[in-house]
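Each chain is listed here by its residues.
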Amino acid sequence: MELSNLVLRFRGQPNDVVDHVSLAAKSGEVLCVVGESGCGKSVTAMALMGLLPPDSSLISSGNLRIGGETFDLTRDVVPRAMRGNRIAMIFQEPMTSLNPAFRVGDQICEAIIQQGGATRAQARARAETMLRRVGIANPAQRLLEYPHQLSGGMRQRVMIAMALANDPQVLIADEPTTALDVTIQAQILDLIRDLRDDIGMSTIMITHDLGVVAEIGDRIAVMYGGQVVEQGPVREVFDNPQHPYTIGLMSAMPGLERPGARLAIVPGTVPTIANMPEGCRFRTRCVFATAACARRPALSEIAAQHQVACHFVPLEENIEVAR
Amino acid sequence: MTRTATQAPASNDPVLEARAENRVWKKFRSHKSAMLGGALVVFFILIALAAPLLPIPDPAATDWSAVRKAPSWAHWMGTDEIGRDVMSRLIWGAQASLAAGVVSVGIAVLFGVPLGILAGYFGGWTDAVISRCTEALLAVPFLILAIALAAFLGPSLTNAMIAIGISATPIFVRLTRGQVLSIRQENYIESALAVGLPTPKILSRYVLPNVLPPILVQSTLTIATAIIAEASLSFLGLGQQPPAPSWGSMLNTAKNFLNQAPWMAMWPGVSIFFVVLGFNLLGDGLRDALDPRDH
Numbered sequence: 000m001e002l003s004n005l006v007l008r009f010r011g012q013p014n015d016v017v018d019h020v021s022l023a024a025k026s027g028e029v030l031c032v033v034g035e036s037g038c039g040k041s042v043t044a045m046a047l048m049g050l051l052p053p054d055s056s057l058i059s060s061g062n063l064r065i066g067g068e069t070f071d072l073t074r075d076v077v078p079r080a081m082r083g084n085r086i087a088m089i090f091q092e093p094m095t096s097l098n099p100a101f102r103v104g105d106q107i108c109e110a111i112i113q114q115g116g117a118t119r120a121q122a123r124a125r126a127e128t129m130l131r132r133v134g135i136a137n138p139a140q141r142l143l144e145y146p147h148q149l150s151g152g153m154r155q156r157v158m159i160a161m162a163l164a165n166d167p168q169v170l171i172a173d174e175p176t177t178a179l180d181v182t183i184q185a186q187i188l189d190l191i192r193d194l195r196d197d198i199g200m201s202t203i204m205i206t207h208d209l210g211v212v213a214e215i216g217d218r219i220a221v222m223y224g225g226q227v228v229e230q231g232p233v234r235e236v237f238d239n240p241q242h243p244y245t246i247g248l249m250s251a252m253p254g255l256e257r258p259g260a261r262l263a264i265v266p267g268t269v270p271t272i273a274n275m276p277e278g279c280r281f282r283t284r285c286v287f288a289t290a291a292c293a294r295r296p297a298l299s300e301i302a303a304q305h306q307v308a309c310h311f312v313p314l315e316e317n318i319e320v321a322r
Numbered sequence: 000m001t002r003t004a005t006q007a008p009a010s011n012d013p014v015l016e017a018r019a020e021n022r023v024w025k026k027f028r029s030h031k032s033a034m035l036g037g038a039l040v041v042f043f044i045l046i047a048l049a050a051p052l053l054p055i056p057d058p059a060a061t062d063w064s065a066v067r068k069a070p071s072w073a074h075w076m077g078t079d080e081i082g083r084d085v086m087s088r089l090i091w092g093a094q095a096s097l098a099a100g101v102v103s104v105g106i107a108v109l110f111g112v113p114l115g116i117l118a119g120y121f122g123g124w125t126d127a128v129i130s131r132c133t134e135a136l137l138a139v140p141f142l143i144l145a146i147a148l149a150a151f152l153g154p155s156l157t158n159a160m161i162a163i164g165i166s167a168t169p170i171f172v173r174l175t176r177g178q179v180l181s182i183r184q185e186n187y188i189e190s191a192l193a194v195g196l197p198t199p200k201i202l203s204r205y206v207l208p209n210v211l212p213p214i215l216v217q218s219t220l221t222i223a224t225a226i227i228a229e230a231s232l233s234f235l236g237l238g239q240q241p242p243a244p245s246w247g248s249m250l251n252t253a254k255n256f257l258n259q260a261p262w263m264a265m266w267p268g269v270s271i272f273f274v275v276l277g278f279n280l281l282g283d284g285l286r287d288a289l290d291p292r293d294h
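For the record, the sequence lines run as chains A and B.
Here the first sequence is numbered in numbering that gives the first Met the number 0, starting from 0 and rising by one per residue.
Here the second sequence is numbered in numbering that gives the first Met the number 0, starting from 0 and rising by one per residue.
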């Protein structure tokens, strides 16, 4: 799966909320998209699914390639037939993502029948298999229960079962573990990893938790202000972060090396879309920023598959010059 | 949670249905006032249905030797100004009152709910058109509108029901639209879209069932209002036509004899009071019992 050059703007706003974002994940690969709230992660995901209301958002460029097919996102919304079939999504809030009025079994069956034209009985059997596969004990019994009878972790498993019931090629997971407690979080991540290995889908994991990235990610894309500022293999980016924002995020992670030490922070907050600076969008918060940053930096490759959008890469060598 | 684990295979649907009904029924039964309301409603419905079978005099038969007689063994609830048995008229009148309540609310729900769902879900100009029309209707007081429509359609029970139904429709459009607006934002609508369900299915399976509880409550409350409205229309001569009885028309004639024959007004008044109370209590109980989120 490959997304190229997505540009998206909310109507009535002067700047693009998603600015020339390109993401790619091979099958069997987990791409983690990280960044703080309001950086455009979720909006990108919604655009991929075709879930943004057309009356409030405007996509001016963007192609989505899944398998051999290419879709022009500016013209056709991702066809409904593809949603849930080729490309599926799980959401942040498992507690409210299931229809409270129907048994979970009916909801999973509906998703299956919708796509495959399976009979009721086949769909039920499939739903039961899927529930077992996502690690739900006694699936036949659970199918008959209403969402309110299930715990948060259980509901997220149901959501995953529903998303994967039609063997999608792409799974988009929008912060699937944020609303869950830590032990359940680990279980869900393990589950996603196992399923990825089994099914071989491309996974796009949206998160702001670098721990999750380390746990499950193959590649990472760091977003800031609607742009990808750094991307590459997780190991490479973690060992050698080059964009000042990535470095800031890394140092804001609690580590084991210096217990009790204060965490570094990235000062300030993401500017609102209306107040985005010209050029490098991070420059208002960047400790290294100079006049050169008024020009927009391009994503340039600094190591194998490792790209950074900063004028001063590699930072160690150039930072003295910049001062 | 006391559920018995069954070994029934997953496809055993009748078992599931029974279980879901049990859950609602159990909650409803523990609700004392709702049971009382339900009992009142059932009582009046049975009385209305059983009217032809009961050993009561013809509600239209006059008896000039027993004009405006107080309640006695011969006439348990007394007689009216031309000697008709009040109890008989009350029982036959229950048919008109209940039918008016149920049918007119049925009309209002049938038109109001789909319009409300369309307006709330699609927004834009669909919403603008539906909402402006609704507001235009709402600008006229409920009873005044019903009277105007009934007068326009011509006096009969059927026309009264239609008039009351149309007058009650805006309430349901507004209520449904508001509910849909909030439900549209729910994550489960988003996830339904994400699994690729088509819009009609989302409307019927995801939106409608979740707006239904408040609509059900509103329906029972509106049935109560509609019964009063029918009584008012009949009171004005726009509803049930003489000599067929209805509680409203009975009150209409009774008002002329309040001093001489208070029982003529009392019984239909008390009946309206209790049937309205019954529907109100029933509505509250149903709301609590049917809400799948609350337990």
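Worth double-checking, as some hints may not be accurate.
What the hints assert, rightly or not - Coverage of chain A stretches by chain B, computed from C-beta distances (three or more under 8 Å per stretch; other residues unrestricted):
#1 43 to 57
#2 101 to 111
#3 152 to 164
Stated by the list, open to error - Pulled a few chain B residues facing chain A out of the computed Cβ check, cut under 8 Å:
#4 Y120
#5 T125
#6 I129
#7 L192
#8 L196
#9 P199
FYI, nobody ran anything at the bench for these hints, they're computed from the structure.
By construction, the Cβ of each residue, glycine as well, lies at the ideal position given by its N, Cα and C atoms.
Q: Quick one: which hint numbers does this structure break? Sort them smallest to largest.
A: 4, 5, 6, 9
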